[in-house]
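Both chains are given apart, each in its own frame, so use the hints to dock them into the complex.
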Amino acid sequence: MDRYFYTHLSNSGLTVTNTATHTPNTGHGMSNAGYVRIALILGIITALEVSTYYVDFGPLFLPALLIMMSIKFVMVVSYFMHLKFDNKLFSMMFYSGLILAIGVYSAALATFKFFLS
Amino acid sequence: MTDAAVHNDAEHNVHASSSGISNVKLGMWLFLGSECLLFGGLISTYMLYRGRVGQGPTPSQVFDIPFTSVSSFVLLMSSLTMVLAVSSATKKDDRGTTLWLTVTALLGATFVGGQVYEFTAFKSEGLGFGTSLFGSSFYTLTGFHGVHVTVGIIMLMALVGVVQRGEIPGSKAETIEMIGLYWHFVDIVWIVIFTLIYLIPV
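Line order of the protein sequences matches chains A and B.
Residues 0 to 116 (numbering that gives the first Met the number 0) are what the first sequence spells out, left to right.
Residues 0 to 201 (numbering that gives the first Met the number 0) are what the second sequence spells out, left to right.
This is chain B alone, in the form it adopts within the complex (with noise of 0.2 Å):
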């Protein structure tokens, strides 16, 4: 790369790199494939303990789909307005980038209340965590994708904030998609998740 088109790349924060493509995006990528290993291993080890509820209650005994689909659908339209937000930082609309960022949060906090109040309902039903190895696997792999939401929520206010001040550093819309990519990949998780652990009977 010529002394120029790195002065200028100095001037516009973006981070050059030898292959041609964002190492930020790349490492994204790449974590998010290594993600794909974590919940394989939660998801393959509720598959095998599914059925070992021992005095506890089965999943269809406490499982509400019309809820969890409802639910479902909340977190899928949280990709949407997060695609929108995206599509708004590229436009350099600040106000959209707010407003769509702050819907997704929203979308997503409705998603982990609504996580809150299953797991609060199935302990009231008899499902707690040391119940049996159902109850175990079940609040393991959805806790943790629970976390994973709550996480992106908390990036997604701390975004909102940032884009207001103007403070993002570099590109703001890669800053943005980069956030987008992960809260995607949480959305893709669940729909597996509801698939296989909703919607197919033990």
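Only chain A is shown next, with the shape it has when bound in the complex (with noise of 0.2 Å):
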């Protein structure tokens, strides 16, 4: 929503029930060390990422890795793009077509016997 339009409508003496404006995505409420905190924490995860590269895991490998990945995902997709702040029917939007495709390529790979290989 413009900042502004509850002000004009306030001094122009008018109220509001239904709003049908946007909202520009200012202030979700994190500062600019938050983001500095996240981007550390992202830092963190691929360095331990990076180090299932030297030292060997065992079992663990694969899982430990698609666990950082899917925590690093979902962390900017939260955070740095505001999708945990915001309008839900944005969320819906993105992971939609982020599930469709997991869900799609995920039955090709099957198809071709990927996972069993």
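Take the hints with a grain of salt, since some may be wrong.
[Unchecked claim] No farther apart than 27 Å at their CA atoms in a straight line, the calculated lysine-lysine pairs in the DSS-like style are these:
1) B:Lys-90 to B:Lys-171
2) A:Lys-83 to B:Lys-122
3) B:Lys-90 to A:Lys-87
4) B:Lys-91 to B:Lys-171
5) B:Lys-171 to A:Lys-83
6) A:Lys-87 to B:Lys-171
7) B:Lys-90 to A:Lys-83
These are calculated hints, taken from the structure and not from any lab test.
As structure tokens, then:
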């Protein structure tokens, strides 16, 4: 929503019952320090990911990598892309595409017996 | 919506919508959702063909994990600078916005430069586009991503020029945020590529 919208309405003596304007993604409650903290965590996770190349994690190798990848993915989407603080419709739009892609291509890979090899 | 509200919207160049949310932003998220399908197809194609090396080198023979790790870190940090640019734009800090957008573009250019170097090194090691199915699917996937980053850099530089001239119509913060969403998406695609393609061996 235009940050001036309510102010202008208030000045003009009008009230709002249904806001048919949009909300620019401003001031989502995270400070710059918060963003730096998120970036630090992402950097540490990346370092851990790279360490799997040098250190033998045994059977935990694959699950650990996939979990770390997912955590990084969700953190960027939630905090840097503000999806956590934004309208749920945006989350629906994005995650629908993502889940559809994962489903379709998992099925395609299964068809080619990828997971058995 | 009242006439007064419509007038105010026009005054501030805000796009009205019956859903109460920004159509531009909705469109961007829809676009990013569809991009998941594009990259999903390219990644799964690579996963299928990564073992088909023919007479060419295997992934473990050509991949330089330390180098790619640094590139990944650079791109990851560009997401931080991008979000700082959006934050500066929100505070109407044009100088900060310009600075962070420029840093983001530079980090992106560093990443693309690294990718060009990587491709050149792979080529010299015998991995061409047509060498094997592994080569074709690898270059297609990472090439598509590189093109996305390059388009992002062009948009960032254009944005720097436009911000400096104060020519962005409507909400400046939202315009920068839209480019930011695209940039972060390019970053999350690389998060997936780095793990699935580089770190998980064939």
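Verification of the supplied hints:
1. B:Lys-90 to B:Lys-171: Satisfied, since the Cα-Cα distance of roughly 10 Å is no more than 27 Å.
2. A:Lys-83 to B:Lys-122: violated (42 Å)
3. B:Lys-90 to A:Lys-87: holds (25 Å)
4. B:Lys-91 to B:Lys-171: holds (8 Å)
5. B:Lys-171 to A:Lys-83: holds (22 Å)
6. A:Lys-87 to B:Lys-171: Holds, at about 23 Å.
7. B:Lys-90 to A:Lys-83: holds (21 Å)
When each numbered hint is compared with the structure, a violation occurs for hint 2 only.
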